[in-house]
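Given the sequences, and given the hints that come with them, work out the whole structure.
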Amino acid sequence: MSATITAPPYRVIPIIPVLKPGAMEGSGPYVASDKIQEALGFPGHLVDNWHDQAIAKMGELLGKYRSLKVYMDSCVHCGACSDKCHYFIGTQDPKNMPVARQDLMRSVYRRYFTLPGKIFPKLVGARDLTREVLDEWHNYFHQCSECRRCSVFCPYGIDTAEVTMAAREILDSVGYGQKYDNEIIGKVHKIGNNLGLPAPALRDTLEGLEEDVKEDTGIDVRFPVDVKGAEVLLITPSADFFAEPHIDSLIGYAKVFHAAGTSWTLSSFASEAGNFGMFIGNYEQLRTIALRIREVALELGVKRIVVGECGHAWRVAYSFWNTLTGVGDGADPNDQFAMMLQKQLDHRYKQPMHICEFTLDLIEQKALSFDKEANDKHIITFHDSCNVARGSRMGDYPGGQFDIPRNIIKAVANNFFEMNPDTTHERTFCCGGGGGLLTDDLLDLRVKGALPRMEALKQAADEHGVNFMACICAICKTQFSKVLPYYGFERNMVGGVHQLVSNAIKLGAK
Amino acid sequence: MANIEVEGKSYETDEEGYLVNLADWNKDIANYIAKTENVDMTDQHWEVINFLREYFEEYQIAPAVRVLTKAIGKKLGADKGNSEYLYGLFPYGPGKQACKIAGLPKPTGCV
Chain A
0 MSATITAPPY
10 RVIPIIPVLK
20 PGAMEGSGPY
30 VASDKIQEAL
40 GFPGHLVDNW
50 HDQAIAKMGE
60 LLGKYRSLKV
70 YMDSCVHCGA
80 CSDKCHYFIG
90 TQDPKNMPVA
100 RQDLMRSVYR
110 RYFTLPGKIF
120 PKLVGARDLT
130 REVLDEWHNY
140 FHQCSECRRC
150 SVFCPYGIDT
160 AEVTMAAREI
170 LDSVGYGQKY
180 DNEIIGKVHK
190 IGNNLGLPAP
200 ALRDTLEGLE
210 EDVKEDTGID
220 VRFPVDVKGA
230 EVLLITPSAD
240 FFAEPHIDSL
250 IGYAKVFHAA
260 GTSWTLSSFA
270 SEAGNFGMFI
280 GNYEQLRTIA
290 LRIREVALEL
300 GVKRIVVGEC
310 GHAWRVAYSF
320 WNTLTGVGDG
330 ADPNDQFAMM
340 LQKQLDHRYK
350 QPMHICEFTL
360 DLIEQKALSF
370 DKEANDKHII
380 TFHDSCNVAR
390 GSRMGDYPGG
400 QFDIPRNIIK
410 AVANNFFEMN
420 PDTTHERTFC
430 CGGGGGLLTD
440 DLLDLRVKGA
450 LPRMEALKQA
460 ADEHGVNFMA
470 CICAICKTQF
480 SKVLPYYGFE
490 RNMVGGVHQL
500 VSNAIKLGAK
Chain B
0 MANIEVEGKS
10 YETDEEGYLV
20 NLADWNKDIA
30 NYIAKTENVD
40 MTDQHWEVIN
50 FLREYFEEYQ
60 IAPAVRVLTK
70 AIGKKLGADK
80 GNSEYLYGLF
90 PYGPGKQACK
100 IAGLPKPTGC
110 V
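Chains A and B, in that order, are what the protein sequence lines are. Read in order, the letters of the first sequence correspond to residues 0 to 509 in numbering that gives the first Met the number 0. Read in order, the letters of the second sequence correspond to residues 0 to 110 in numbering that gives the first Met the number 0.
Please keep in mind that the hints were generated in silico from the structure rather than gathered at the bench. Keep in mind that this is a model prediction, so the values were computed, not measured. Check each hint, because a few of them may be wrong.
As the list claims (entries may be wrong) - Partner residues aside, some chain B positions facing chain A, computed with beta carbon under 8 Å:
| # | residue |
| --- | --- |
| 1 | Tyr17 |
| 2 | Glu56 |
| 3 | Tyr58 |
| 4 | Gln59 |
| 5 | Ala63 |
| 6 | Val64 |
| 7 | Arg65 |
| 8 | Gly72 |
| 9 | Val110 |
The C-beta atom is built at its ideal place from N, Cα and C for all residues, glycine as well.
Structure below.
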């Protein structure tokens with residue numbers, strides 16, 4: 000862990016910061032051990048012929064993903080992205096300008112895959128892939144949270160996240176993976192969730208929650224697991240079973256299902272919505288993790304699949320589950336299990352559905368009622384999570400992913416204020432811990448990367464007295480709980496949208 | 000991988016100082032790790048550590064924060080059954096710091 004962890008001071012005028020070349024130089028996050036790597040089918044450690052193998056992998060990815068080749072070729076270095084990255088703003092390291100970070104790969108691309116780069120490398124900024132360059136990749140491609148804010152401002156629509164994903168995929172393929180991400184993926188394969196929470200512990204935790212809710216409300220709200228024939232399968236991040244404030248949103252989901260009279264179940268086999276396969280840019284891992292959910296959906300015979308508060312999981316679910324698993328339209332017609340699931344699911348409902356869509360539908364049908372005063376102690380703002388904002392949608396019109404969570408908050412609470420519009424909706428800033436960087440060895444980076452969000456929050460706190468920031472992502476919740484104190488805020492100032500629902504929902508009454 | 004020296008014996012830890020072999024754990028090691036974390040072990044700390052180890056023995060994972068606070072509340076009184084109390088004991092966060100001292104693996108994922 001980094002010895003000194005410091006939060007940068009709030010900027011007086013939030014413009015491009017003074018450059019500090021080399022500020023975030025270093026060896027990057029912990030490297031995955033042989034055991035962790037091999038469990039995913041990657042080489043255990045850096046292979047001897049890493050140079051040739053990395054270039055070959057790059058060639059393979061350029062052939063497979065046309066987009067990557069376009070992104071490598073089309074950047075004109077206009078600089079529109081340069082000051083849009085939270086990690087650049089917080090660290091002031093010029094290599095964290097999205098254009099510069101991408102150029103760590105682009106320079107290598109030019110050397111090996113373009114004619115001018117092969118002939119006159121120096122003239123076109125082409126570089127050999129040396130060990131130093133590879134180390135630089137490991138360091139700086141783990142200082143990108145794949146949040147895609149820079150892409151919003153790119154006139155060519157270059158998706159920096161895809162470049163980061165490709166770099167991480169190449170690093171994994173030569174045995175140079177990241178410990179945090181790859182250890183977690185291994186736990187999903189082995190135990191079923193990122194946390195490594197075995198089924199008996201899950202059951203014990205959920206039984207405890209049933210007792211707690213009964214004690215609080217006098218009502219028997221159930222938290223069912225592995226129930227065959229349930230209408231809804233809820234897939235939620237395992238942090239919801241374990242961490243605070245996450246667990247309060249889980250209680251919120253359960254209360255909504257209870258109040259709506261919907262039969263639902265969790266699964267002990269597919270007890271994870273998160274899918275770190277996306278973070279490391281590896282299609283096979285992405286698919287294998289997603290298939291656990293299909294397996295359980297078929298086995299339990301559920302009619303609907305609802306996803307809990309998890310940002311990148313919703314991107315995977317909304318954007319990729321259809322072709323990966325058959326949840327939603329578009330799977331390979333020769334994939335018999337995908338077709339089986341297509342038939343089984345009830346297409347009168349969206350498949351998959353976000354828990355916020357589920358709850359707001361009920362609110363609009365007047366099927367739920369609330370005591371809004373129960374949230375009066377909170378003066379609330381909403382942090383748009385990057386993968387929901389820029390990688391997915393909710394509802395049936397563009398921008399539904401922005402309105403739906405806000406409309407829930409307004410239905411369950413009286414005090415709501417927006418943060419600076421340059422920092423919300425599609426322009427939202429990453430929390431600073433997304434994209435597989437939510438690890439203690441990157442805490443200094445996480446604290447610094449939170450700066451722009453903290454500045455916007457500070458402004459909202461000063462102007463409107465905001466004292467609660469709601470969000471719909473397990474990573475955001477953990478990241479903010481950790482970094483808020485570095486900026487002079489209370490740790491428990493962050494919470495879930497369904498935590499607010501839970502506070503206000505009237506049970507046993509219509 | 001790294002090693003720590005406690006009472007003349009060497010024990011393997013990971014990069015972050017978590018014990019690799021759970022069976023190695025003993026009270027001296029706990030005190031040693033606590034010192035590196037700037038935590039002064041008191042009876043209250045030991046209550047938490049002991050509960051974590053008991054729970055781990057049964058479930059092969061540390062308890063959820065809520066399960067922990069409830070158990071501590073039952074044992075030490077309702078005023079102590081909250082995460083503020085636990086953060087007071089383990090400032091880096093009861094989940095990770097207390098697990099480290101208890102010789103348990105680090106909880107991973109979005110926690």
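Tested hints:
no.	hint	verdict
1	Tyr17	11 Å, violated
2	Glu56	12 Å, violated
3	Tyr58	4 Å, holds
4	Gln59	6 Å, holds
5	Ala63	4 Å, holds
6	Val64	5 Å, holds
7	Arg65	5 Å, holds
8	Gly72	11 Å, violated
9	Val110	4 Å, holds
In this structure, the earlier hints numbered 1, 2, 8 are contradicted, and the remaining ones agree with it.
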